[in-house]
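Peer 1: The residues making up each chain are set out below.
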Amino acid sequence: AQSVTQLDSHVSVSEGTPVLLRCNYSSSYSPSLFWYVQHPNKGLQLLLKYTSAATLVKGINGFEAEFKKSETSFHLTKPSAHMSDAAEYFCVVSIPGTYKYIFGTGTRLKVLA
Amino acid sequence: ETGVTQTPRHLVMGMTNKKSLKCEQHLGHNAMYWYKQSAKKPLELMFVYSLEERVENNSVPSRFSPECPNSSHLFLHLHTLQPEDSALYLCASSQDNGDRGQGGYTFGSGTRLTVV
Chain A
1 AQSVTQLDSH VSVSEGTPVL LRCNYSSSYS PSLFWYVQHP NKGLQLLLKY
51 TSAATLVKGI NGFEAEFKKS ETSFHLTKPS AHMSDAAEYF CVVSIPGTYK
101 YIFGTGTRLK VLA
Chain B
1 ETGVTQTPRH LVMGMTNKKS LKCEQHLGHN AMYWYKQSAK KPLELMFVYS
51 LEERVENNSV PSRFSPECPN SSHLFLHLHT LQPEDSALYL CASSQDNGDR
101 GQGGYTFGSG TRLTVV
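Protein sequences appear in the order of chains A and B. FYI, the numbering for the first sequence is 1 to 113, going by the numbering used here. FYI, the numbering for the second sequence is 1 to 116, going by the numbering used here.
Keep in mind that the hints were calculated from the coordinates and are not lab data. These numbers were taken from a predicted model, which means no experiment stands behind them. Cβ coordinates follow ideal geometry from the N, Cα and C atoms, glycine included. No incorrect hints appear here.
Computed footprint of chain A on chain B; a stretch qualifies when at least three of its residues, placed anywhere within it, have a C-beta under 8 Å from a C-beta of chain A:
id	segment
1	40-52
2	102-111
With a straight-line cut-off of 20 Å between C-alpha atoms, the simulated SDA-like cross-links for lysine to any residue are:
id	chain 1	residue 1	chain 2	residue 2
3	B	K40	A	L7
4	B	K41	B	E84
5	B	K40	A	V11
6	A	K100	B	D99
7	B	K41	B	L88
8	A	K49	B	D96
9	B	K40	A	E88
10	A	K42	B	T5
11	B	K41	A	D8
12	A	K42	B	R9
13	B	K40	A	H39
14	B	K40	A	D8
15	A	K100	B	K41
16	B	K41	A	R108
17	A	K49	B	P42
18	B	K19	B	T80
19	B	K41	A	P40
20	A	K42	B	R112
21	B	K41	A	V11
22	B	K36	A	H39
23	B	K36	A	Q45
24	A	K100	B	T106
25	B	K41	A	S26
26	B	K41	A	R22
27	A	K42	B	A39
28	A	K49	A	T72
29	B	K22	B	P61
Across the chosen pairs, the derived CB separations fall in these ranges:
id	chain 1	residue 1	chain 2	residue 2	range
30	B	V12	A	S28	40 to 46 Å
31	A	M83	B	S20	34 to 40 Å
32	B	T80	A	G97	34 to 40 Å
33	B	R63	A	G16	45 to 51 Å
34	A	L7	B	G98	32 to 38 Å
35	B	T16	A	E64	47 to 53 Å
36	B	K18	A	S84	36 to 42 Å
37	A	P18	B	E52	43 to 49 Å
For reference, chain B alone in the conformation it holds in the complex:
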């Protein structure tokens, strides 16, 4: 593992279900990110938390709801998803030293989400 752990690794959910993705980092970083990776598309930044405050929300539909209870944990709560939301959801962390994470990320292995 890279120091960023994501659970579950795989998730299949119906369009009316509610589920949550979990991310935990053991690196002492102070910024955490959610990215969406869809087939044949570049990675899309969804949310950024720095020092437990949300600092970026990239026009993500409200059916995705992030939560950052502390600097080590990040959740993505899912409800009423659509089949096009099926993708690999990646969590990442970085150390924000006032440079807004420009030094690079550490990624988790992702959660493969399938919406049926």
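Isolated chain A, as found in the complex:
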């Protein structure tokens, strides 16, 4: 069965410091994995996706994520946080052969000036 766990519900970083948002997944198949970002009163925007190509995936706005099969992890990172990165981030795993995605419960990122 597929599942996804976001290990932190809230993360606070100072502007200019690195960001790490953690995600672990469980999948019986080779999964497709995604990170989405949701700013207040907005829909979700796709940051990046892993679909069994390169294990290090680069996304928009300087974010990247590394697929580690041995650790069943897909953590999201950014070298230097910007105030505009403050938002909620969702890790998502797809169920192959279906239209269904499983969303994590989200991590709210706060960026301190």
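Once you've looked at the hints, dock chain B against the given chain A.
Peer 2: Just chain B now, with coordinates in the frame of chain A:
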């Protein structure tokens, strides 16, 4: 806007009202989705349409009725709702190339629904 437009942005309705949510996508996608986002709960898939046919119905109560008249438009008709149906309703679209939308979605900004 992201290419997926939802109207209205906010809706307050009584439990006996009938209203509809509208979604329009300008991306040429062939699959569209309704999701429900409630506080402190993961996003819940409600309905999926691919090539204008409903392909998923995730045990959604009949007081929610979807309609997909063409590949660019999706509606969610609401009637006799309950206060617990208050949530953000998100529409999304994707290109289904036989992979069932595994390439990722484009979401609209949502309709914030409050049932009183």
